[in-house]
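Chemist: Here is how the chains run, residue by residue.
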Amino acid sequence: MAKVELVVNGRAVKGEAEDRTLLVHFLRENLGLTGTHVGCDTSQCGACVVHVDGRAVKSCTMLAAQAYGSEVTTIEGLALNGELHPVQVAFREHHGLQCGFCTPGMVMSSVDMIRRHPEGLDEATVRAELEGNICRCTGYHNIVQAVLDASDKMGKGAVKAA
Amino acid sequence: MGVEGIGARVLRKEDKRFLTGKGRYTDDMVVPGMKHAAFVRSPHAHAKITGINTDAARKMPGVIGVLTGRELKADGIGNLICGWMVHSKDGTPMKMGAWSPLATDVVRYVGDAVAIVVADSKGEARDAAEAVDIAYEELPVLVNATAALQQGAPQLHPEAPGNLIFDWDIGDEKATAEAFAKAAHVTRLDIDNNRLVPNAMEPRAALGLYDEAEDHYTCWTTSQNPHVARLVMSAFYNVAPENKLRVIAPDVGGGFGSKIFIYPEEIVCLWASKKTGVPVKWVADRSESFLCDAHGRDHATHAEIAFDKDHRILGLKVETIANLGAYMSLFSSSVPTYLYATLLSGQYDIPAIHANVKTVYTNTAPVDAYRGAGRPEASYVLERIMETAARELKLSPAELRRRNFIRSFPHQTPVIMAYDAGDFDATLDASMKAADYAGFEQRRTEAAGRGKLRGIGMSCYIEACGIAPSAAVGSLGAGVGLWESAEVRVNAVGTVEILTGSHSHGQGHETTFAQLAAERFGVPLDSISIVHGDTDKVQMGMGTYGSRSGAVGMSAVVKAMDKVEAKAKKIAAHLLEADEADIEIKNGDVRVAGTDKSLPWFQVALSAYTAHNLPSGMEPGLKETAFYDPTNFTFPAGCYICEVEIDPDTGATQIVQFVAADDFGKIINPMIVEGQVHGGLAQGIGQALLEGTHYDETGQLLTASYMDYTMPRALDLPSFKVMTTETPCPSNPLGIKGCGEAGAIGSPPAVMNAITDAIHNNNLTMPATPQKVWAAIQAAK
Amino acid sequence: MYETHYHRATSVEDAAKNMNAAEDGKFLAGGMTLIPTMKQRLASPSNLIDLRHIPGLKGITITGRTVRIGAVTTHSDVSTHAELAKLCPAITFLAGHIGDPHVRNMGTIGGSVANNDPAADYPTALLALDATVVTSQRSLPASEFFVGLFETALEPDEIVTAIEFTAPDKAAYKKFPNPASLYAVAGVFVAKSGNDVRVAVTGAGENGVFRADELEAALTKNFNAAALDDVTVSADGLMSDMHASADYRANLVKVMAKRAVAEIAG
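Residue numbers (our numbering), protein chains in the order written: chain H, 1 to 162; chain S, 1001 to 1781; chain D, 2001 to 2266.
In case anyone wonders, no lab produced these hints; they're calculated from the structure. Since this is a predicted model, take the numbers as computed values, not measurements. It is possible that some hints are incorrect.
Ranges of calculated distance between the beta carbons of each label pair, as one might list FRET restraints [as the list claims (entries may be wrong)]:
hint, chain 1, residue 1, chain 2, residue 2, range
1, H, G155, S, L1393, 24 to 34 Å
2, H, N81, D, G2096, 32 to 42 Å
3, D, N2207, S, Q1700, 18 to 28 Å
Coverage of chain H stretches by chain D, computed from C-beta distances (three or more under 8 Å per stretch; other residues unrestricted) [stated by the list, open to error]:
hint, stretch
4, 13 to 24
5, 39 to 45
6, 71 to 85
7, 124 to 132
8, 141 to 153
Each residue gets a CB set at the ideal place from its N, CA and C atoms; glycine is no exception.
Isolated chain H, as found in the complex (with noise of 0.2 Å):
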């Protein structure tokens, strides 16, 4: 068995799984963050990216154990105070979802997106950049109508902040 210390969600967890627990199991089974989903067995889908350390992963092709010490952002931790993050209220505003399945790695990988490309997004990059993500019911239109507008929103904000 290994012993699994992680920051998830800027809470620190403490648990103990098989070695072969993959750290989407360990979020899904040892923590109930059922937020995080499993669409395949190959690591292509991208239904289970969560942030490892500022990082977008596949969580389903990482132990839990090699997550250990790390700090895990999920999906359930994304909106803060009940607020949601500009990726998500983008996904509403322009129904990137319909069955919702894809939708937690969609945003946790279109978040990370944006943050890598502060300089801003044209379709072709955003198309290029969900290749690890699959959703079936979109026809992605919506989608990256929705991560565009965030990253408009998101880089706009900055400046403002800035």
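Starting from the known structure of chain H, arrange chains S and D on it as the hints suggest.
Modeler: Same frame as chain H, but now just chains S and D:
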């Protein structure tokens, strides 16, 4: 329309939970004492089971039980069935082979379930599943449907000699032959419709809970129609009587048809819960989904179309072989027959049609309805052959279509359907304008300057939705009625709950169904709740598929609201001492028209429940139920135009423009309708460009994960130009036609017409992968 | 996944010691290939020895034209390294087109070369750049490091610690990805330093990454995309599967090579 009523672009009520990780899917459900299941599956496509030894598996750590088909049979659990009886043209009934939820004697495809292991953890269940020792004697394998019909082919089911399930036809063979005899031109085409794996992003799952004290079962499952699941599991599979079985389909992560059917796993999990005394949860891995979810399409067709000298269609002949896989799934027989050949008239006035469909068993996953179900196959046949004919006749594709459009309604086709309304010129005009069709040749030349092959393709589809008039489908062999139910409960404070038998798994019912009540009663959207997906809450329903929730499900809600409104008006008339006919409901008030006499909505509701002062003889309460049985199918139709650029060096295709103009009748929420079209287009484009399902000759699925099966990703698709025109559907109260499948139906032929236009080679099958396109370019040189 | 034993190595020596003590151990870096393989139950290492936290294995140092990339440097760190992008944009481009963003955030250069997947991207760069693979025991040229399909010259307890190369005058990488897996169906890395032209190919060869002699010969004579027009890339020895026949791969090798050369030639 109000800001929240019919036609308003209302943001979705359900979004917040999905966006914050609070959606509740079957795999998120945890009940005390719950254990985990793994299925032992056949690694062979066709084999006799000569022995099963579970001793070693039972001794593995964490194992609670290992159960096989023999025990299942001994407990009286029945075989899976196909619920739609189709008769061959000689009048004999379809030949249905036995499908046991756990195979006992023969396995017929890779993934066929043989045993279930229940253990403390999923990992331990998997470990033990590998320790179940099954002895197989391999049998010859069939994967190709045409080969399965050949003399001397291996035999899959004793019930179906020659692997033929039925040999069915529709239309007038003699009249069609006569039409061809008069033809000035005949176009012939072989057309394959590739097998697809549905791939809803949430894999299928089931949690079975048997309560011994109550002798009662609960099943949480990924279903598009929990009531149908309960009905079938009770009536046919003998799991439990309906009053002792509750089926809950909580949040469901997409369906696309694949979650209509009742599969072995949910039956076995329920039964295993009783056998082991623990709640049993099974969640498919994506690999299991690839092997075991019902696949879609898989048709091989030869079609011929005859024209007179004025290029008017005289007749259409279609011969199709449909691969139904190893077993007949729940609605598998209806897909390549009544959902397919009845749409072969398309948007055209075709005097004579004859279609013959042979359905066949092979050692592959069962094939059943997948987004569009039969209608994409029909649309693909007709729109590919129309485009081919236009090229042969040297007419513009638009002109050939226009020359044959149906323009007067109602129109009776030679293949059952009676189209009630439509305006096919309107969608053709709209899409050609949006696509700047006239400017295409200039764009082609410009692309050639960059070394790219540019092509344009069109498709004018029609589909039948709103399935369906119960008596009509009953006469065609359906085992169920296809009405829908609704209950509208106005609570004592005026808030509203709508209970529906439709099931939302991405379609946004919690918003659009609520818009109906907001429009009718003037109450805010926030005080309207939609209840669905639980057989204990909603009395009965037929579920969501075939783009039926708007046309049928919402119509049931309208009927129930009519009754509520009538009663509310009676109460208000009584309280306001006015004539019932003068009462109107506006902006949340119930008023006497043309006066200032009014009551707030909640006051009327409260009066219904206090019952202190009701009209004489009236029962208290404000709650009504309705069942809506449609009188006809609905007929969404549209025109799609696809423009591609192909890199001749690599064969890679890029879709540079895609225009969709659809006539869905009345629209409740345009935002949601557009989203449905986008998703359908992605699936149709995926079929045309990316998604191929390959079995090798031993029946192993080669495209068994996302490493080899190409799901459309954002980079594979363009932004879409979508628009709607409107001819209201005359047969339902809202005038709705349905929009869920159109995109997947209309787009594959548009894409293939565009690619074959670009490369000047019509001999190309879906998916048009870079390798195939490159080879077709070489062949055309 | 079968049960395993995870160990986070503190040093190269600690890692080797644990490997030698294990029944059937595997080194784990980003895990982007190993963990999916284990999930499919196609690999069942008794022990996983995590190299990611060993001090000194991470980061990029540039001295003049000499580049050293620590073995556990992630693809995203390589792809976004501004100084490296100026010196050798082909390698940052390559790193930025491996898999998807999440894979690039975990996957490492050391893991990629040690795994030597026949469709992986980095091996082409190493061969074409005549890079040196530095291990816990020795340094060896890429040409000797890559042995065959998923096979390298590494001893069981030997760990890749860094990749070193001298930046070429010019280089470019062009890849035609498998639309499903995003791995290369054909990826071609062309590097030019003075008159020395090296062309390496991934995704196509039956024995993994290889140098394309006939393309190198033609380009050494005339470094121009048109110089490849008359060169025939043989389909012999190329992979053939449902996604791409050997003939199609041969075509793609040539097309990708021409595009890489065209980019370099400007």
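Chemist: All hints, please: hold or fail.
Modeler: Status of each hint after checking the structure:
1. H:G155 <-> S:L1393: 24 to 34 Å: With a Cβ separation near 54 Å, G155 of chain H and L1393 of chain S fall outside 24 to 34 Å, so the hint is violated.
2. H:N81 <-> D:G2096: 32 to 42 Å: holds (36 Å)
3. D:N2207 <-> S:Q1700: 18 to 28 Å: 25 Å Cβ-Cβ, so the 18 to 28 Å window holds.
4. 13 to 24: holds (count 4)
5. 39 to 45: holds (count 4)
6. 71 to 85: violated (count 0)
7. 124 to 132: Holds: 3 residues of the stretch 124 to 132 of chain H have a Cβ under 8 Å from chain D.
8. 141 to 153: violated (count 0)
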